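Residue numbers (the numbering used here), protein chains in the order written: chain G, 1 to 382; chain U, 1 to 295; chain W, 1 to 408.
Derived from the structure by calculation, the hints contain no laboratory data. Since this is a predicted model, take the numbers as computed values, not measurements. Don't be surprised by glycine CBs; every beta carbon is placed ideally from N, CA and C. Hints may be right or wrong, so weigh each one.
[Stated by the list, open to error] Derived Cβ-Cβ restraints for the label pairs, each shown as a range: (1) U:ALA180 to W:GLY133: 40 to 50 Å; (2) W:TRP115 to G:PHE260: 23 to 33 Å; (3) G:GLN258 to U:ASP91: 40 to 50 Å.
[As the list claims (entries may be wrong)] Chain W regions said to be covered by chain G (calculated; three or more residues, Cβ under 8 Å): (4) 119 to 126; (5) 140 to 147.
[Unchecked claim] Calculated cross-link-like contacts (lysine to aspartate or glutamate; reagent style EDC-like; alpha-carbon spacing at most 20 Å): (6) G:LYS369 to W:GLU246; (7) G:LYS120 to G:GLU176; (8) G:LYS312 to G:GLU229; (9) U:LYS61 to U:GLU165; (10) G:LYS273 to U:GLU65; (11) U:LYS55 to G:GLU229; (12) U:LYS55 to G:ASP252; (13) U:LYS55 to U:GLU188; (14) U:LYS61 to U:GLU132; (15) U:LYS61 to U:ASP172; (16) G:LYS155 to G:GLU95; (17) G:LYS155 to G:GLU176; (18) U:LYS175 to U:GLU165; (19) G:LYS120 to G:GLU187; (20) U:LYS156 to U:GLU65; (21) U:LYS61 to G:GLU187; (22) U:LYS55 to G:GLU243.
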Amino acid sequence: MVERETRGVSRRDFLKLCTVAAGAVGLPASAAEEMAAAASSSARPSIIWLHWQECTGCTESLLRTSAPGVAELILSLVSLDYHETLMAAAGQQAEEALSAAMARNRGKYVLVVEGSIPMKNPRGERVTRAADAAQAAYCRVAGKTALETTIAVAKDAAAIVSIGSCASWGGVASAEPNPTGAAGTREALHAVGIDRAVVSLPGCPANPYNLLGTVLQFATFGTLPALDEQGRPRFAYARTIHEDCPRRPHFDAGRFAQKFGDEGHRAGYCLYKLGCKGPATHARCSLEPFGEIPGAWPVGVGHPCFGCTEQKLAFRVPLHDTIEVERPTAPATYPPLVTRRGTVSPLATGLAGAAIGVLAGGGYLATRKLDASRKDGEGEKP
Amino acid sequence: MKLTRRQILKGGLAAAGAAAAGRAGARERRQPPPEAVGMLYDATRCIGCRACVTKCREENKLPFERSADGLYDQPVDLSGSTKNVIRLASDGTRTSFLKAQCMHCVDPACTSVCMIGALRKNPVTGIVEYDENGCVGCRYCEVACAFNVPKFTWEKAVPRIVKCELCRHRADPGKSGPLAVANPACAEVCPRAAVVYGTRAGLLAEARRRIAEEPGRYESRIYGEEDGGGTQVLYLTARGFSFQQLGLPDLGRNAVPAVSESVQHGIYYGMAAPVVLFAAALVAVHRRGGTDDQE
Amino acid sequence: MATTETSPVGGRFVTPFVKLLLAIWALGSAVAVVRFTRGLGAVSAMNDGYPWGIWIALDMVVGTALGSGGFAVALLVYVLHRGRYHPLIRPAILTAALGYTAGATAIVFDVGRYWNLWRVPVAPLFSSGGRFGWNFNSGLLEVALCVMAYTAVLWVETAVPVLEGLEAGPPGRLRSLAVAVRPALERSLPVVLALGVVLPMMHQSSLGSLLLVATTKLHPLWHTPLLPLLFLLSCVGVGYAAVVIEATFSGAVFGRPLELRILRELAGVMAALAGLLVVVRLADVTLRGRLPLAFAPSLLSGFFWLELALTGAAAVLLWRRRRAGTPGALVRAAGLLAAAGALYRIDVYLTAFDPGNGWRYFPSVGEILISLAIVSVETMAFLFAVRRFPILPRARRPAGSVPARAAS
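So here's chain G without its partners, still in its complex pose (with noise of 0.2 Å):
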């Protein structure tokens, strides 16, 4: 502890962090104790952070939280034995140190993964079996393919992390025509048959939070948090921008910002006819800002939410698209009692009226021509 308390952070705000992570990840209270204590043992886990097709955004974010220090508090809690950005070495004292960690922990370490994995060979195939890892074609490291490594380093990993949009799904390297054939790391191992659980935390960048929250619970207990079904960790992306948006009542009472700038915008009205797409996006950035800045995400400063962590609008989706509500819960206005309901087409009344006029007046005509008819044929009796 003495030896944390020169870093800045005392213990006090240690525990503090504590229980607010054991809160996040759902675990009581009483958890934030042994996470201080697991924190301080020793046996820290071992971390080794992979770098791929990204731009460090991840790291930055992390490494750029303030006080009380995030970034000091997970990097203090494991032991980070590989990291390309932030380890002093290069060249041949950096692959001696990944292959040293490896080996040191086999089978114990935590693979943190950031940026997407490019799959294609130079033929523009995508490769499908470990054996053909070499033949990808792009992002090569001491002339060994992204791919290669991934699978070298999962395959002893105790668990595997992806840390970012792109590591979970292949962020903006993977958007159409996807040179490159970029994957998330979940997504390239299971292609070449390697199916592991990875634990999956997209943003763009992600919110260093959600590691910590993760990293925290492992260290910990040596589990891994609840995931949903796209791998990403229930605590955080249960739930939707939209339905923890600070502009929601706007939403519900129908005042949308309809242009930027104009008077609703200024207003701070709802976003969701600009394109926002926090309906459908699973993420807490209203609730955990990033930086500890409040109101420091798109959202916050008058642009629509672009659904970095979705794979399915971030990047495809243009910005400022519409998209579907996913989950629409009861608004704040009420219906009155009586509403004006039913259509009247007017082409409808037009046809009405031209068949009963034809009807009318078709039929009074014809009455006129059957008596003038009869008056030069059959002669009528009194």
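Here the structure of chain G is known, so what remains is to put chains U and W in place on it, guided by the hints.
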């Protein structure tokens, strides 16, 4: 002879008409089954949170509705995809919520008019139940219901009638009392006991207790105790806010189908009139061997 | 059994008029495809407030009233033995058979779960544990059973001229079948004819009873326990009116003798009926203490007076035409009575029916097209039948009558 025949016809008609008019309203008053279940809605306690609307949709697996601009689940009334709705009533100065769903009448109009009994009142629970296998989709129940409750799925090629059945599919036979026959989701989720489920007798007692406890809060009458022959869903309203302002129809004491059934049974009492008419017609036709006398 | 000489008209079936009817039928069929594949909501303006639209109010309720001519003339001819009306009976029965069939067709379009319709007539056979028996409280059940039975009766009655036509036709299997069947059919006719009088009285009055249950929805000027009586009276009046119109026009179009004397006499009967309707209606509203409502300035009180005015005007005109009316004048007066009856029935089912909660209804284009298509098919069937079978009276007086023009 002719005069006699004419008299037979006219006499039959007049008798039928007189019987109809005379017997109207003379129908006996039906009583709810002793174990009848129902709900009590207390408009003074409802906060309009609509947990009941959402839960009803979920538990009955009903599709979402869209507002006119296609945005949102915002039902304005009961419909083919909404069995329960909260509306807002206003008397100009004050407002009150109104929960609408099937009233489960003691003597329902919908079951009275249903041709072969697709809608049927359960003899034990009094729940008005729907069985689509006997429904031809004639929608007479919609015409007959004074509360405008039964709804039709107009947009479906295979349509049906949709109405609240008191969540009888959520009944738990393992439990005792009302929960063994039904378990309305709306009552289960109501955070303020504004909707309560129970036996009709128990709910009447509960309603009277609430009125007795806070006489200044409620109108002293319980809607549904007598209205329209009685309903199994009962309503309480705030003092000075009438049930009609709340949007509930003023039906009087008599059951809605009392008049129509009396007239119908008056005309067809023992099938006497049609049989007499048929016999008279047969005699008349036979008198001349079914042929005619050119006059 | 007929004493009136009847004969087929003959001539080409496909005339320009029939081509027009075929076109309307095609349009309606296209709408029908949508109705059966996409649901009622896709083509109709009916809604949860107005669950019954023009398919019920017009095709069924008004259509069968116009088809009541069969029953009304049968009442005169077979029950009251006014044999002089006999020339009217065959076309009237044919019109009725077609009118009722059209109404039944509209029902198949209208009901949502038409595949369950078969259960209605046979429900008691499949009743198990109290499920799905006949509910005798339901006026609609009575209407459904009576209309089904009466439509069958009408077709049996119509079978007589059809069989006669086949017997007169070329030799063959059809002809021998007709020869074999007709005697048995004619032996059973008295029962059929008696049924043909009782069944319409039952269901036509019940068509009025149907709306009795809508105590809060039907306007008090229309909602009365006398609804069944008013509907029965109006169906007889409208039925006679339809007979007068149909007889006059087919006489003129197909060059058949016009029994003007009979039609004038019938006008007297109709005038009496119309007068009775006005009296009963006014007495009913007055005795129920609803007369003040008729003087309230509203659209509905206007409709109330319009109905009475049309019926009253028809009564006066028909009474004046009963001795010296020209065919045109008779048809106009009869048309007035038919319009009054149709308006009354539509008012009860639609105009004076207000479910509240802000609902309104006006038929959609699709509904109108299907209605028109049904009427078109009905008209084509009538034209085909009178050309092919001995329905219309043959020219009886050799001199002075217009020779039969085969086609027009």
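Can you list which hints this structure breaks, lowest number first? 1, 2, 3, 4, 5, 11, 17, 21
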